[in-house]
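Please model the complete structure; the sequences and the hints are all you need to start from.
There are 4 protein chains.
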Amino acid sequence: MRDKNSYLSSLNDGREVYYRGKKIEDLVNHEILKISANHSAGIYDLKDRIFYDNELNSNISKYYKIPRNSNDLLDRHNMIFNHTLEFNGVFNISQAIGSDALFALMITTKKIDKNKGTKYFERVRKFYEYVAKNDLTLTTAQTDVKGDRSKRPSEQVDKDMYVRIVEKRNDGIIVKGAKAHTTQSIFADEIIVIPTRAMTEKDSDYAVAFAIPTNTKGVKMIARPIDEVEGNSSSILSRLDFEVETITIFDNVFVPWDRVFLAGEYEFAGLLANLFATYHRFTAISYRSAMSDLFIGTGSLMAKANGIQDSRHVREDLLNMIMYKEILKMSAVSAAVNPVIDEGIAIPNSLYTNVGKLYTNSHFHELITSLIDISGGILATMPSKEDIENEIEKQYIEKYLRGAIEGKDRIKLIDLAKELSASNLSGYWLTTMIHAEGSIEASKIALLRNYNLQNAEEMIMKILKSEK
Amino acid sequence: MRDKNSYLSSLNDGREVYYRGKKIEDLVNHEILKISANHSAGIYDLKDRIFYDNELNSNISKYYKIPRNSNDLLDRHNMIFNHTLEFNGVFNISQAIGSDALFALMITTKKIDKNKGTKYFERVRKFYEYVAKNDLTLTTAQTDVKGDRSKRPSEQVDKDMYVRIVEKRNDGIIVKGAKAHTTQSIFADEIIVIPTRAMTEKDSDYAVAFAIPTNTKGVKMIARPIDEVEGNSSSILSRLDFEVETITIFDNVFVPWDRVFLAGEYEFAGLLANLFATYHRFTAISYRSAMSDLFIGTGSLMAKANGIQDSRHVREDLLNMIMYKEILKMSAVSAAVNPVIDEGIAIPNSLYTNVGKLYTNSHFHELITSLIDISGGILATMPSKEDIENEIEKQYIEKYLRGAIEGKDRIKLIDLAKELSASNLSGYWLTTMIHAEGSIEASKIALLRNYNLQNAEEMIMKILKSEK
Amino acid sequence: MRDKNSYLSSLNDGREVYYRGKKIEDLVNHEILKISANHSAGIYDLKDRIFYDNELNSNISKYYKIPRNSNDLLDRHNMIFNHTLEFNGVFNISQAIGSDALFALMITTKKIDKNKGTKYFERVRKFYEYVAKNDLTLTTAQTDVKGDRSKRPSEQVDKDMYVRIVEKRNDGIIVKGAKAHTTQSIFADEIIVIPTRAMTEKDSDYAVAFAIPTNTKGVKMIARPIDEVEGNSSSILSRLDFEVETITIFDNVFVPWDRVFLAGEYEFAGLLANLFATYHRFTAISYRSAMSDLFIGTGSLMAKANGIQDSRHVREDLLNMIMYKEILKMSAVSAAVNPVIDEGIAIPNSLYTNVGKLYTNSHFHELITSLIDISGGILATMPSKEDIENEIEKQYIEKYLRGAIEGKDRIKLIDLAKELSASNLSGYWLTTMIHAEGSIEASKIALLRNYNLQNAEEMIMKILKSEK
Amino acid sequence: MRDKNSYLSSLNDGREVYYRGKKIEDLVNHEILKISANHSAGIYDLKDRIFYDNELNSNISKYYKIPRNSNDLLDRHNMIFNHTLEFNGVFNISQAIGSDALFALMITTKKIDKNKGTKYFERVRKFYEYVAKNDLTLTTAQTDVKGDRSKRPSEQVDKDMYVRIVEKRNDGIIVKGAKAHTTQSIFADEIIVIPTRAMTEKDSDYAVAFAIPTNTKGVKMIARPIDEVEGNSSSILSRLDFEVETITIFDNVFVPWDRVFLAGEYEFAGLLANLFATYHRFTAISYRSAMSDLFIGTGSLMAKANGIQDSRHVREDLLNMIMYKEILKMSAVSAAVNPVIDEGIAIPNSLYTNVGKLYTNSHFHELITSLIDISGGILATMPSKEDIENEIEKQYIEKYLRGAIEGKDRIKLIDLAKELSASNLSGYWLTTMIHAEGSIEASKIALLRNYNLQNAEEMIMKILKSEK
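Line order of the protein sequences matches chains A, B, C and D. Under UniProt numbering, think of the first position of the first sequence as 1, with each following residue one higher. Under UniProt numbering, think of the first position of the second sequence as 1, with each following residue one higher. Under UniProt numbering, think of the first position of the third sequence as 1, with each following residue one higher. Under UniProt numbering, think of the first position of the fourth sequence as 1, with each following residue one higher.
None of these hints come from the bench; they were simulated from the model. Where hints are given, some of them may not hold.
The list cannot tell twin chains apart, which means a pair is met if one copy fits it or any two copies do.
[Said to hold, decoys possible] Dumping the calculated DSSO-like pairs for lysine-lysine here, alpha-carbon to alpha-carbon at most 27 angstroms: (1) K217 to K34; (2) K385 to K34; (3) K465 to K34; (4) K462 to K412; (5) K119 to K65; (6) K217 to K23.
Keep in mind the model is a prediction, meaning the values are calculated, not measured.
This is the structure:
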């Protein structure tokens, strides 16, 4: 199987990446981005990540195992949970998001083919085999930049606010537009593009899905600045693991037909978008429950460091964190135990997935405020790492920042607690926890639209009829 | 198997029951209490409630099936959920709470016997077989009246604030004290008594568990008034189903040795109390998720009746109700899927059970406030049933209380919504949702005490060590 | 000035009142309603309620003092707050709501007269002098029954869903319709009717305001059942003080012109509705802050009775109650200190009034859940008063319900705590706190519509321009 | 009066300041710190900041006006509110916190002098006149570093965890210890030091208050790193205004007797700490209500930029922000309107001050999460300023980040929204809003300890006695 080094050495392949206003030629050795490159590459170092797949007659990554039943989904949940812990509480998206999209594409294209007589499924399957057998990393680009949120794609002033087909040719299609929030795309071998929402007939040009290599001509990726490392010399976690977000631009990009998975069948855009969302939200609640341990662990250690572990308000803070983690866990377990099997593939229960998703959107800030409450005001006023490296200052800082433990040990905890709850990193997280994998509002709409209210209504009708 | 009539005809057996200041001789035909007697008896009319138990070589009620694995627990959850729906969203406790106590007693007595050389398990087993084969109903009396909450049992001014052994004799023990909040005890064949908390050596006399027939001499049961029927002529649900709560007094009651399951082994009082709590909280999250449908169904129908089903605040209200129900469901499923097997018996996962329990304690009021928000101020000012029966008033009331539906249909919905959210019944429910099966505070303590913080702390220690 | 007895003796004047399906001839001696009659009459027993008004050259009730400045509003707030405490935490609406409407009518009619050349103000002024000099009680009927909430008045299937003018005659108008939630109307001398919302031209017939004696022909009042007294023999507070709500029907009622204050000038319906809402919400936050003392006092005493006054969760409960009370107080003080003076009359600041209003709508349930949390599960399972009157039971109940205080004292506290937080009364309160004086949704809309966002936006524009 | 330049030119006077591990000789021209120096100096450019004080027979800054009544407190509130708006929503602490301490010292020392026969008040008064007449800036250092929070000052392993008197000499005292969270101390002319809490007799050495020039020998100030400027090239607000926090170390610092205001009178440490807290919390709710406009203004503009200003969830977000701002406003107004006059000085009502304080502690995160919710996920993935300065990238970014407004305008708003809600700045703010001016826990304790529960309890006793 592919190993870490062969993966890393493949990255500088001409892909067009910008960081802080510069085109980056060497992604692997860039002072900041290399941290994230190594994070991505870390997936190839994981133990027990490979299994022999009878369907493909090949060893492949477990991420590419097509879930056929509850157990497969439970395994996938546990894998994502455990891998997140391996990477210090930071999600490793390299093969997760891409496989989420592949499963959604398999189910959707089977239905399109039946309905329209197309041959999309074959293409998806072929792409899947290529990816799995070559152990590739994938990103999925879904969220369009959207322009005026009160207007549909075809109603926008600038027609490129959603990725669209600008030309259909004999050999393929030309697409144009931009996707926001594509995570780790700069380290992915391939990019899968899918629609962000349901489409109407007028928006047919926007009903498009495809996959292309990251270094395809016309693909331009502008990465967000990693201020949490560059500005904060005291950061700890971000120097070990982070993932890069980009805006990914498709400037008249050519996609050959065998990589096109949807091209105008607007009636299926919503299904594809929703199926991916369900898989990816299942992934999200899995990694986020693991990620919570960063807060629980730091909170618990910090409480002891401050000598306040028995205060009831501190216990209340810890409980809030635990409730957050375990409600996510419960939603993942319940979604896996009650799947829908469609086209032979197991889909996590969308109700429980969305309940967990909505809970994380609405409550992540409690991890942050609880950790701040435990840690104290020192998060706002902590001297820098440079101060601690100055011998004169060091003696004062270490003397005066002791708690129920030594100053030098408490300082490290403070630095980490600050990074987790009062920094660019926490701001970035808070935003992604509210918006990633669909906004709060989108989750609420999805949850209510699909909820079966009829059973409950019928019980009430029965009661009213049997009134005594 | 036992049927409804033979059960009902057995109730007037001399048990000492008081209601509204009167000793009740005929429980079955009492104008108010008969509703609850029939509710209890309804368990014998349920379809598919019987199975052939290989352990006992006998047909028995599914409630008495000893859970051996995840599937047994999932079945039990689904049974309680479905039976609650059968009884119009009102829990039927008749065989549930007693079996919860029996499972806890089986596990605990095995451990006592091993540790102390006693023979308690045999007695529990014999009692269990008697109950199961005769298809009896059981209540469990756990919560002592407690007196001054800042003092332990033996420190109380009046020593009888917790049920205690006042005499050990050759043929048995004499017990004294009172248990609060015993549900449906007046309709139970037998009462199981267990400790309410962990005990220290000084409190040995209070470490007592036993089972006795409800009509045992010295047992006195004072029932709460059913104001929701007596005062509210417009009540609907309470005329169909309710459960009676009592204070159950043990006035120097004799218990023969073969019905004594704990008598001084104070070290095991806490284990027994906790095991019962875990089983019974699992029961609670199961019936409460079903009970939520009362609010969801009424809320959804009322929204349509008022013509506001598309208002975003109404949708928000419905979502709150749905989140409540499904988080309980998720906790039950997760608790069943991740059991602890102890002494060969499957115990629901206590972490997930307590997370669900804590969620219901803290959020039940949202069902009430959401339903009120949807229904409107009319819940506070609705005329009585007598008004609607007066022909002159009727025409006005029906004319003026129309919404998006006819007045006479909306009136019934209003009456039910009022009963569910703005009445004695809702007050009773709100109290039990906060306090039953252990108070919020007790749940928090249990949850945090047993939580594994070490894994998370270790991840943080690892991060601090690998700081770059 | 008028005294209690002359007021009471004036009540049985032929007004058409229904209670529990019966037409009530004697309001003063009716077993249930007399409590509320005496509550209403209690206003005439208050000390210091009269002052010499220079405008009218007469002694009048302070409720009828037209507020001219901040101090008048602060005095009015303090009067309502203190009177509510006098009546055991229960609001006395007898002259409050009517004067709220009179102030709103004075301001609005001055503007109509200026704009339309009408003479409404003179009529309002004359009615005001009649009311003030005769020391009358008034109700205000605002909330229409509304029918389908998604439709405007003129769009309803039944045109009478909002009170409307069905005929204009030489001597006056004929009105038809019904108002919900009219508090204490059955004990009021006069009823003021005003619109519930802004109206468009199509709804002109619904733009109507007037005042008539309660015993006017065609006025029919159907009172809500007082289940909190009739069903709950243990109730304490409701046997001392309560206010009756009615649906008030106008079945082709004649109103002479000198009592008509708005008749078709639809452009002013919104202003009148809003001005009344502002005055009445100011009244509401004033009495509700006083009413909170019922919960704070009972909570504090109950905490001591249970021996848990030092538990942190109990202190948290008390704090929640205190925050509720004081935020209401703060909003009333701020509204009084920052009034708008319009047409020479001081209007409480509508922003602060609405902030307080919205806080009480959204947080009243915390008073209830906090008191339940402190009191314990006994609220759900307390025996009835009849049980305590039975000598056999009494000894057991008093023995076993002791806490850190004697049983017989704790029992009374439990009964009161139950009535306040787990009864029909608390359900009625919870509904009115959410809906009375305008629903949560209505308050939110009002608050945001009138909020000045421009200053804040301008600061941001300035910052963006000065970007460095 | 003093002007901006003379103030700035006085700053480089040998005071010992460290930033990022370096001793800073030139505070005024330091690339980062100069922003904050100019912010501080900005106070001298304010219009209408001077008044003629009859007590001092001199023009002085309004900050040094001793409040004698409600109006003085209302004026002070409005001044702080308006000045905060002047400085782009960022508090200017330069003369505010020092005057808060001076008022508290005046009241406390009068009481000590009466009680102990000391002459402290005279010294405070002399210092006050010196400060006021010379128009100085002041910092106040209150919060000790505290060590093990479960131990009192004299119980700590290291005795210097709270600032203490290590020697009393003829000419003065020697103090040692460190104060955390001293805001803008590096730009203050003088530092006032007061105790952080009540002291017992054993902690007498820790009962110490004094004032010294910032450049006093032995005073060392270590500033927090301004990561929000250094790391985030796109920051906007922090390039205009910020305040520097330091840990301020007292390394055997000599204080002459005429600058010592408390030296061992431990019984008064608590009073002094609390009085300062009350004044400073009044200041806090004043500036924080103004600061909210940053979020309200950005939220409102961003909603329009995204085309979602009419979505109900966006309106809900705006309402949350408005409620936050106005509840703070209400608490300040109510505290000013209901002062306590002690020793001739008006103290803001501590109940309302603490209610507002507690509200800001507990709800500030809603400003952040609401702004994130409105702004969208782009806050997490926004390219850097350097990217926008690269011409190739610029065209793409501006094209694709348009909303309902042009891309280049929306980009600026996004940058500001990110800074306010998802950056080091928002993390710093969130921490200070939770902990500054006393933690949540401290506020709760203070509020409950001083609350009058007796009135409410008496009303309940009255009700129970009049039970019918």
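Classify it for me, K119 with K65: is the Cα-Cα distance of at most 27 angstroms met within a copy, between copies, both or neither?
within (23 angstroms within a copy, 53 angstroms between copies)
Between the shortest in-copy and the shortest cross-copy C-alpha distance, which are at most 27 angstroms for K465 and K34: within, between, both, or neither?
between (69 angstroms within a copy, 20 angstroms between copies)
I want to check one pair: K462 and K412. Are their C-alpha atoms no more than 27 angstroms apart within a copy, between two copies, both, or neither?
Result: close only across copies, 12 angstroms inter versus 62 angstroms intra.
Within, between, both or neither: K217, K34 at alpha-carbon 27 angstroms
Classified as within; 24 angstroms inside a copy, 46 angstroms across copies.
Give the relationship of K385 and K34 under a CA distance limit of 27 angstroms: within one copy only, between copies only, both, or neither.
The answer is both: 22 angstroms in one copy and 21 angstroms across copies each meet 27 angstroms.
Tell me, please, which holds for K217 and K23 at an alpha-carbon limit of 27 angstroms: within, between, both or neither?
within (15 angstroms within a copy, 51 angstroms between copies)
Violated hints are absent here; each numbered hint is respected by the structure.
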